[in-house]
Amino acid sequence: DTAVSQTPKYLVTQMGNDKSIKCEQNLGHDTMYWYKQDSKKFLKIMFSYNNKELIINETVPNRFSPKSPDKAHLNLHINSLELGDSAVYFCASSQGYGGTEAFFGQGTRLTVV
Amino acid sequence: SQQGEEDPQALSIQEGENATMNCSYKTSINNLQWYRQNSGRGLVHLILIRSNEREKHSGRLRVTLDTSKKSSSLLITASRAADTASYFCATDASNSGYALNFGKGTSLLVTP
Chain V
1 DTAVSQTPKY LVTQMGNDKS IKCEQNLGHD TMYWYKQDSK KFLKIMFSYN NKELIINETV
61 PNRFSPKSPD KAHLNLHINS LELGDSAVYF CASSQGYGGT EAFFGQGTRL TVV
Chain S
1001 SQQGEEDPQA LSIQEGENAT MNCSYKTSIN NLQWYRQNSG RGLVHLILIR SNEREKHSGR
1061 LRVTLDTSKK SSSLLITASR AADTASYFCA TDASNSGYAL NFGKGTSLLV TP
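Chains as they are written, first to last, in this note's numbering: chain V, 1 to 113; chain S, 1001 to 1112.
What the hints contain is simulated information worked out from the structure, not anything from laboratory work.
A couple of the hints might just be wrong.
Claimed, not checked - Here are some of the chain V residues that sit facing chain S, going by a computed Cβ distance under 7 Å:
id, residue
1, Tyr10
2, Leu11
3, Gly28
4, His29
5, Lys41
6, Phe42
7, Gly99
8, Phe104
9, Gly105
10, Val113
Said to hold, decoys possible - Heads up, simulated SDA-like pairs for lysine to any residue below, C-alpha to C-alpha not over 25 Å straight-line:
id, chain 1, residue 1, chain 2, residue 2
11, S, Lys1026, S, Asp1066
12, V, Lys41, S, Asn1052
13, S, Lys1026, V, His77
14, V, Lys36, S, Ser1107
15, V, Lys36, S, Ile1047
16, V, Lys41, S, Glu1053
17, S, Lys1069, V, Lys36
18, V, Lys71, V, Thr111
19, V, Lys44, V, Pro8
20, V, Lys41, S, Arg1054
21, V, Lys40, V, Asn26
22, V, Lys9, V, Ser80
23, S, Lys1070, S, His1057
Claimed, not checked - Covered stretches of chain S, as calculated for chain V (at least 3 residues, CB under 8 Å):
id, region
24, 1007 to 1015
25, 1043 to 1050
Ideal Cβ positions, reconstructed from N, Cα and C, are used throughout, including at glycine.
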């Protein structure tokens, strides 16, 4: 069983389109995250979310929005895609707040053309 | 905001040798973690060391933490080709909410 799964694994789309990446965790964790990894492998937190609170990295454009239908899912919606959005996006989860082990999905490689 | 900074950026060694990677961070932390990322894959947790610990071992891994210098090191002993990956340190600084702040990583290549 995959602990944190995200789909799709690859996503190629044109500028201006709207797309979504789905993430599900079966670990019973109460906190989920979205990270963006750029071409230099730098990982940047985009969102942290648990059943009580959403924390948004203020540098993330508002074209990006997380949607959590339930505790096990945190999807990422991106509107009006731009070339600079091309990156690998990772979903992760952990039990409790920061300071515990995080489990990562396999990543979604987004290419905007 | 980025917290950790790994050093070196890249490291190439032969199987059987030891690999040492360093991480420096900027603000006070509750703990520090190390993760491994194989090419094209997600990150995998290796080890967590709390701010009141100085050293921790897990199999061939040894992690040290010096909070006075705001630095940590990861030692992989008797390296294997399968250890080839990128290694990241991560901290949970109080200004990061729930999330971990990652460094830029060290790319380790272990050749047979």
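Do the hints match the structure? See the list:
Because the beta carbon of Tyr10(V) sits about 11 Å from the nearest beta carbon in chain S, more than 7 Å, this interface hint is broken. Annotation: interface hint on Leu11(V) violated; nearest CB of chain S at approximately 15 Å, more than 7 Å. Using the Cβ-Cβ criterion of 7 Å, the hint placing Gly28(V) at the interface with chain S is not satisfied: the shortest such distance is roughly 16 Å. Given hint, His29(V) at the interface with chain S, is violated; its Cβ is 11 Å from that chain's nearest Cβ, farther than 7 Å.
Against a cut-off of 7 Å between C-beta atoms, the interface hint on Lys41(V) holds, since the closest Cβ of chain S lies about 5 Å away. For Phe42(V), the shortest C-beta to C-beta distance to chain S is roughly 6 Å, which falls under 7 Å, so the interface hint holds. Annotation: Gly99(V) was flagged as interfacial toward chain S, and the flag holds, the nearest CB pair being 4 Å apart, inside 7 Å. With a cut of 7 Å, the hint placing Phe104(V) at the interface with chain S holds, because the nearest CB-to-CB distance is about 4 Å.
Evaluation of the Gly105(V) hint against chain S yields a held restraint, the C-beta minimum of about 5 Å falling below 7 Å. Taken as an interface hint, Val113(V) does not check out: its beta carbon lies about 20 Å from the nearest beta carbon of chain S, beyond 7 Å. Restraint check for Lys1026(S) and Asp1066(S): satisfied, since their Cα atoms lie roughly 12 Å apart, inside the 25 Å limit. Proximity of Lys41(V) to Asn1052(S) is assessed by CA-CA distance (about 30 Å); at most 25 Å being required, the pair is judged violated.
Proximity of Lys1026(S) to His77(V) is assessed by CA-CA distance (about 32 Å); at most 25 Å being required, the pair is judged violated. About 18 Å separates the Cα atoms of Lys36(V) and Ser1107(S), which keeps this hinted pair within 25 Å; it holds. A distance of roughly 22 Å separates the Cα atoms of Lys36(V) and Ile1047(S); the hinted pair therefore holds under the 25 Å criterion. Only pairs whose Cα atoms come within 25 Å are accepted, and Lys41(V) paired with Glu1053(S) is rejected, the gap being roughly 29 Å.
Taking the CA atoms of Lys1069(S) and Lys36(V), the gap is about 29 Å. The hint is violated against a cut of 25 Å. Taken as a hint, the Lys71(V) and Thr111(V) pair is broken in the structure, with Cα atoms around 28 Å apart against an allowance of 25 Å. Under the criterion of a C-alpha separation no larger than 25 Å, the hint pairing Lys44(V) with Pro8(V) is consistent with the structure, at around 20 Å. Taken as a hint, the Lys41(V) and Arg1054(S) pair is broken in the structure, with Cα atoms around 28 Å apart against an allowance of 25 Å.
For the hint linking Lys40(V) to Asn26(V), the alpha-carbon distance of about 30 Å lies beyond 25 Å, and the restraint is violated. This hinted pair checks out: Lys9(V) and Ser80(V) have alpha carbons roughly 20 Å apart, not beyond 25 Å. Between Lys1070(S) and His1057(S) the alpha-carbon distance is near 19 Å, which keeps this suggested pair within the 25 Å criterion. Closer than 8 Å: that is the beta-carbon criterion, and the region 1007 to 1015 of chain S has 0 residues meeting it against chain V, so the requirement of 3 is violated.
Chain V is given as covering the region 1043 to 1050 of chain S, and this holds because 4 residues of the stretch bring a CB closer than 8 Å to a CB of that chain, at least three being needed.
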